[in-house]
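Following the hints, put chain B in place on chain A, whose structure we already have.
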Amino acid sequence: MSTPALQLRERFPRLAEDVVARARLTVVPRRRVRAARMPFVTLVSLVLLGGVVGLLCFNTQMQQASFAATSLETEANNLAARQQTLHSELQTLNDPQHLAAQAQSLGMVVGESACTVRLASRTTQSDCAPATAANTPPLLARPPKKPNVLDPKPVVVEVAPAPGSGGGGGHHGHRGGGPSQHDTGRG
Amino acid sequence: MGPTSPTSHTNPTDHKREPVPRNRSRRPAARPTEAGAAPLRRGSRRGSPQVRLRVGFVLIAMVLSLFGARLVQLQGLDPEQYAEMAAAEGTVEVVLPAQRGDILDRNGQPLAASIDGLMVVGDPKQTEDKAPEIARFLSQRLDVDYFTVLKRLRAKDSRFEYLARHVPSTLATDVLQAAEDHGYKGLSTRRDAVRTYPGHDVAANLVGFMGTDKPYGGLEEVFNKALSGTDGKERYEVGAGNRIPLGNNTEVPAVNGQDLHTTIDRDLQWYTQRVLRQAVEASGGLSGLAIVMDSRTGEVLSLADDPTFDADDPGASPVRDRRARSLNLSYEPGSVEKVLTLSALIDAGQVNARTKLLVPGELHREDRVIHDHWEHGLIKLTLAGVLAKSSNVGTVLASDRFAPGQLRSYLTKFGLGQPTNVGLGAESRGNLPDPSVWNDQIEDRIDFGQSLSVNAMQMAAAVNTIANHGVRVDPTLIQGEARRDDGMEIGTDVSTERRVVSPEAARQMTLMMERTVDPEDGVAPLAQVPGYVVAGKTGTAQRVGTCGTGADAHSCYDGTDTVSFAGFAPAQNPRFTIYVVIQAPKIAGAGGGATAGPVFSKLMGYALQRYGVAPINKLQTRLPVEW
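In order, the protein sequences belong to chains A and B.
Using the numbering used here, read the first sequence as starting at 182 and increasing by one per residue.
Using the numbering used here, read the second sequence as starting at 3 and increasing by one per residue.
Hints in this document: simulated from the structure, not taken from any laboratory.
Any given hint might turn out to be false.
Unchecked claim - Straight-line Cα separation of at most 16 Å, EDC-like style, residue types lysine to aspartate or glutamate; simulated pairs: (1) A:K326 / B:D261; (2) B:K127 / B:E163; (3) B:K620 / A:E270; (4) B:K358 / B:D402; (5) B:K227 / B:E283; (6) B:K153 / B:D125.
Isolated chain A (complex conformation) (with noise of 0.2 Å):
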């Protein structure tokens, strides 16, 4: 290779010499071009940065929205066992024994005659009669029998004078009636 390079110097020594000067090729170290360094690290930086601060505010979030259920898991328990209860209470007043008793209390009692009313022709059919109390059960059971120590039987005592008072009065003054009386008394 070597070899033509020299013949072609030789016999163009000088013309060319310029030219062979500028066209003989050397291995320079390449140029490195760097590009500012700042603006990439800062991008670096802030992305990092706001990675960070994005998942510690998102954490905190949720953290928060962790807390915020948790009352709200606590408050939807406590107004749902509210709920309940007051609906409970609501079912003891719609208690037909609860009912009954407030119906009684206003003087109502249960029909017994089936009187209808027709009202195309203005008439009413069957026998209608006023209410009775006869229908309308007493609402509580009769109280257990009391042994005779603490239920003693009444103590009539005759007195001659003043029939117009009646025996019977003394009797209803002492308590624990006859049982009957004491039934009708409620019905």
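Quick look at chain B alone, frame taken from chain A:
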């Protein structure tokens, strides 16, 4: 051999070849070698690196092999346990309790309902110091016994004691808050559902009740599985009482129990129970029961027992009152059974309502004498008269026309001797004598309702067959269908019906039964319902009790009676069948017509008006009772 051997090898030769006078003059032979070697080999005291490396390696290997062994132990031998322990750290597992299904009446009103509740538990380690104060506080606020709680608060070697069960949530929370304010430590709560019975004693015998941990009796027990549902569970990780977001979280949702829809009408049930109680109290009876049934569908609208109990406070009543006598008490039905005997006889074509019978005052059958409930000589009664006046003798005479085995087969078709499977467990099947023991004498007595036993539901369904024009429908307590714990499906959807007697036989029987409530010819005028035509039959049966004492005790008729009335209205197009039974009334003159009849009348009147059945302007039949 380690650190000293190199010096002992090399130094003696050095010493021989190059004797150093300086060394020699100053030190004995052995010493100079050491002194001479010291500047050459620094650190020879620590030994050679190879040896040190080896030793170090052995040590490290020993430690590592310890780690390795531990690793094998952790991972290889029992990894699950450690994994669980690790997971359990900070993981909470909660049971998601399934809500018990409600038991509802036909209009959706609750007979039994569940509400959220809590149990209050205590840790005796923390509570024993202030036990008396806490016990007093709890007994005032929670309706618990002071001494029981006090003992539990002081329990030795325990860290968990139940203090109050089934407390409504709001109350328990309030109480715990108050306890905290008082500075009482060691109390906490857990979930523990509360079962409430808003109607208290309404349908209590039918519904049953919940004990502390399991149901007792009634629908609660029979349908326990369907009502309970399946508990779910949830696991999650917590930190400082809060759920960790994105942490492990698994959830198996709870499957709530099914609601049970019964055919009971709560208001009618209440009225039935009150009227029945009034009658039982007034007659001094042992117990009573009443059944109101929809004639067409067999749905039981009300099933009342007396004495009954408060399902919210079952402990206040004796065990015998907590059962459903209407299903598990069997008794001899008495004359009500004549309805079945005579309608079967009409269906068999042997008689009709106008068949003429000569009825003597008493009838001698083998070694027994059959009487009527009133004294009479030879009288002329039609079949209608036999029923209206409830003549035993007349019934037995007419029933002589049955072919052998015919009566039993009819009674079986009416449903006697078999459980009705209406819904409750422990139902009595009654007793219809087996063909092997059936004889003429037994048949004579069965004709008028003795020598066989029934439960009230069987009898109501049998009489309802006449009301339903000869077709028997299964009585039902459950709307739709529901599966009992024993796997049986019951309810209106699966109830069956079968024809027992012809429509004509049922019609004639209805006309005959109308005569029972006739003021002149019948025995039960008090069972009339103003404005409607009623068909019915009284029953006054001797009751089986125990005679004798000790070893001599045996069953016998003990002199008490079962009085009953079964009937339906309006007679020609029945809507309701009602059966009332009162056991062992004590007052004089008690009988099916006088004692049970008025109860029937009130209940029927109430039911007809409640369901808007218009009164009918129709006169009672004038079917002749005598000839």
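Quick rundown of the hints versus the structure:
This hinted pair does not check out: A:K326 and B:D261 have alpha carbons roughly 40 Å apart, beyond 16 Å. Proposed proximity of B:K127 and B:E163 is supported: the alpha carbons are some 11 Å apart, at most 16 Å. A threshold of 16 Å between alpha carbons decides the hint, and for B:K620 with A:E270 the separation of about 47 Å lies outside it, so the pair is violated. As the CA atoms of B:K358 and B:D402 are separated by approximately 14 Å, the hinted pair is consistent with the 16 Å bound.
For the hint pairing B:K227 with B:E283, the CA-to-CA distance comes to about 38 Å; that exceeds 16 Å, so the pair is violated. At roughly 12 Å between alpha-carbon atoms, B:K153 and B:D125 fall within 16 Å of each other, so this suggested pair holds.
Hints 1, 3, 5 from the earlier list are contradicted by this structure; the remaining hints agree with it.
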